[in-house]
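Using the sequences plus the hints, can you model the full thing?
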Amino acid sequence: MIRTFFSRSSRIFLILFFAMGVAACDINAVPRNDEEVKAAWSEVLNQYQRRADLVPNLVETVAGYARQEKETLTAVIEARSRATQVQLPPDILTNPESFRQFQQSQAALGGALARLMVVVEKYPELKSNQNFLSLQSQLEGTENRITIARRDYILSVQKYNTELRTIPGRWVAGVLYPEAEVKQTFDISGEAKEAPKVKF
Amino acid sequence: MRSIRDRRTAAWAIRSAALLLCVIHIVAGLPASAAEPKFPQLTGRVVDEAALLSVPVRDRITGWLAAFERASKRQLVVVTVKDLQGYPIEDFGYRLGRVWGIGEKDKNTGVILLVAPNERAVRIEVGYGLEGELTDAISRAIIERNILPAFRQGNYEQGVINGTAAILKVLGWDGETPGAVVPAPESQQELSPLSLLILIILFVIFRFGRHGIFSGRHGGGVWGARSRGGFSGGGGSFGGGGASGRW
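In the order they appear, the protein sequences are chains A and B.
Numbering of the first sequence is given in the working numbering, commencing with residue 57 and proceeding in unit increments.
Numbering of the second sequence is given in the working numbering, commencing with residue 257 and proceeding in unit increments.
These aren't lab readings, by the way, just hints derived from the structure by calculation.
Note that CB positions come from ideal geometry on N, CA and C, so glycine has one too.
One thing to keep in mind: the hints can contain errors.
As the list claims (entries may be wrong) - Some, not all, of what chain A presents toward chain B, calculated at C-beta under 8 Å:
{"hint": "1", "residue": "Thr-117"}
{"hint": "2", "residue": "Ser-190"}
{"hint": "3", "residue": "Gln-194"}
{"hint": "4", "residue": "Gly-197"}
{"hint": "5", "residue": "Asn-200"}
{"hint": "6", "residue": "Thr-203"}
{"hint": "7", "residue": "Ile-204"}
{"hint": "8", "residue": "Ala-205"}
{"hint": "9", "residue": "Arg-206"}
Set out below in structure tokens:
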């Protein structure tokens, strides 16, 4: 009698403990973090797109005042078309090679634009043009948004990858989400070469 | 007999260990937040850490901002800081906005006018939801035309007043309308006992809200307008909209 009571209560305890353990493990952490990463990535793409959309207008305005800067202007146009032509494969976030390509093409456009903004310093008339000032502030704002979107993306990937690579998230993912893969994140190695050079 | 109990003990031990791991995971696995600057306390709609504003000016601006929030549910906060702690003002601004959660939650309708006199930098930080109205170009124009001329002459009060009024105007609220600035205090006397009771209950909820139960979702609401201490952010977020200027 006493033994059956003991075994039943201990069984209940075991089940309770197990349930608490599972609850504490948070079996939804992987898909939830995955969604966060996707949202952050969309914002990155969104802001890069916004920058690409600004370029034609900007180039046109600058060309009106500084036609002799043809080389710099052409470099911007080419970098833009390369950046927008990159086909994003569906596995871009888990494929290091295509992620690096994407990062490089965007960095090239960023570099070309930065050079353009250095060049325009020579044209006071352009710099007082209302349209140009408006475009310049939009470009600055967009670059700022890109920085923040990238930082948010990096943080979300860090969270996701940590969940995927540490115990117990690793066990949970192994059983429930075998398709989950560590995601790529931004680094400066692909971009450092593209930093604008100022010539005097 | 013995072996059954041993097995049971072993199972117990394994499950306890698993549970312990999970608990440890939860406690230790919280992502260490990236290095953040130290932000001033959100003590009201005007946080004048750098002491640029006189009390009457601060109260006047606070009155505008409170009326603006009542009219539109949007939040504008004016902040002056002593020190950007080495961060670019763009970086400081959006982090401050996120930490304070200025603007309505989900709509992200918050704006911060941030002045850093020691770095000679000013920024209008615009929440996601207002980027379409208060665009980067308009923010830049406000800074160049309404704020910087006064700042260059060392007249910070005038610059802040002009800038705040211009932002409010762009967002569809005319801060100079005297009728709108002063909320009619008489209306309080018309309250029926029932609505007074409801207000008291709401007040209690707001007080708790500041301690985290509703985590500031209710914003300053009605009460933030009347008592400076009751103001808090609505949970809005920022993504780098706006513009900066230097003088």
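Results of checking the hints against the structure:
Hint status for A/Thr-117: violated, given a least beta-carbon distance of 13 Å to chain B, over 8 Å. Contact between A/Ser-190 and chain B, as hinted, is supported at the beta carbon level, the nearest pair being about 4 Å apart and thus within 8 Å. Evaluation of the A/Gln-194 hint against chain B yields a held restraint, the C-beta minimum of about 5 Å falling below 8 Å. Checking A/Gly-197 against chain B: minimum C-beta separation of about 3 Å stays under 8 Å; hint holds.
A cut of 8 Å between beta carbons decides the hint on A/Asn-200: the least distance to chain B is about 4 Å, and the hint holds. The criterion of a C-beta within 8 Å of any C-beta in chain B is met by A/Thr-203, whose closest approach is roughly 7 Å, and the hint holds. The interface hint given for A/Ile-204 holds, since its Cβ lies 4 Å from the closest Cβ of chain B, which is under the 8 Å cut-off. Annotation: interface hint on A/Ala-205 holds; nearest CB of chain B at approximately 7 Å, less than 8 Å.
The beta carbon of A/Arg-206 comes no nearer than 11 Å to any beta carbon in chain B, farther than 8 Å, and the hint placing it at the interface is violated.
Taken one by one, the earlier hints fail for this structure at numbers 1 and 9, listed in ascending order.
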